[in-house]
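Chain L: place on chain U using the hints.
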Amino acid sequence: NAGVTQTPKFQVLKTGQSMTLQCAQDMNHNSMYWYRQDPGMGLRLIYYSASEGTTDKGEVPNGYNVSRLNKREFSLRLESAAPSQTSVYFCASSITGFYGYTFGSGTRLTVV
Amino acid sequence: GQQLNQSPQSMFIQEGEDVSMNCTSSSIFNTWLWYKQDPGEGPVLLIALYKAGELTSNGRLTAQFGITRKDSFLNISASIPSDVGIYFCAGHLYVYNQGGKLIFGQGTELSVKP
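Residue numbers (this note's numbering), protein chains in the order written: chain U, 1 to 112; chain L, 1001 to 1114.
Bound conformation, chain U alone (with noise of 0.2 Å):
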C-alpha cells in the first residue's frame, strides 16, 4: 500500500542510549513531519522539513535531531534518551497542508 511508513513499531530503550527513527513516503511529497503524542497532550510538532534540503524546529524539538536524506526519507535521532521522551512518534508527509497530512502508524517508544 502507498503511504507513509515508519520503523520500528516498538523499540524499548534504556536511558542514556541513541537511536534514529526512520520514516519513508512514497506519494512525492514535499513536506514531512515529526510528531509526538503523549496522553492529553494531543499531537505536538517535534520538527518539520517543507521540502528536500530543509529541516525546521517545531514545537518540542528539544532532545532531537532530524535529516531529511533525500525527498523520500525523513529520519528522527535521539542521541540520550530520555525517559520525558517515552511517547508515541508519528511521521506525516503532504503536498501541501492545504490538503492535509497523510501520517504513518507510529513507533511507539518506551525509555525505561
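Please keep in mind that the hints were generated in silico from the structure rather than gathered at the bench. Please note that the accuracy of each hint is not assured.
[What the hints assert, rightly or not] A few chain U residues facing chain L, derived, Cβ under 10 Å:
#1 S31
#2 G40
#3 M41
#4 L45
#5 P61
#6 Y64
#7 C91
#8 S94
#9 Y99
[As the list claims (entries may be wrong)] Facing chain L, according to a computed beta carbon distance under 10 Å, are these residues of chain U, among others:
#10 Q6
#11 G42
#12 A50
#13 L69
We put the CB at the ideal spot given by N, CA and C, even for glycine.
Chain L alone, transformed into the frame defined by chain U:
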C-alpha cells in the same frame, strides 16, 4: 502560538446515538480537516473543508466550515462500536516567513457503550 480548542475532550455514548464535537480558534483558517485515530494506529483523514460555510458529508459523518472561518464541527449519526477512537480537528493557515502550517486540536476521545 496558534491554538485550537476542541471539545469535548472525551465522551461516552450509547450505540445508536448521534455525536457532536467542535473546534474553535482565534485564528482564521483557510482549510478545516477532521481526522480519526483508531487505537494503535495513526490519524486518518475523514473530511476536508475548503470554503467558509461549506457543509460536507461522508457516510454518517457531517462536518461544517464555520462562516467566520474560526470554527468547525463534526457530527456522527447513529454511532456504532467501530466509531471508537480519537477525533482530531486541524486547521491550515499561512504564517509569514514560515509558510503553511497545520494546527491540531487536542482530540476528542469517543467511547461507545454496547
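Tested hints:
1. S31: Constraint on S31(U) satisfied, holds at 9 Å.
2. G40: holds (7 Å)
3. M41: Cβ of M41(U) sits 7 Å from chain L, so the hint holds.
4. L45: With a closest approach of 9 Å, the L45(U) hint holds.
5. P61: violated (14 Å)
6. Y64: Y64(U) check fails; min Cβ-Cβ to chain L is 18 Å, beyond 10 Å.
7. C91: The hint holds - C91(U) has a Cβ within 10 Å of chain L, the shortest such distance being about 8 Å.
8. S94: holds (8 Å)
9. Y99: holds (7 Å)
10. Q6: holds (8 Å)
11. G42: holds (4 Å)
12. A50: holds (6 Å)
13. L69: Because about 21 Å separates L69(U) from the closest Cβ in chain L, which is outside the 10 Å limit, the hint is violated.
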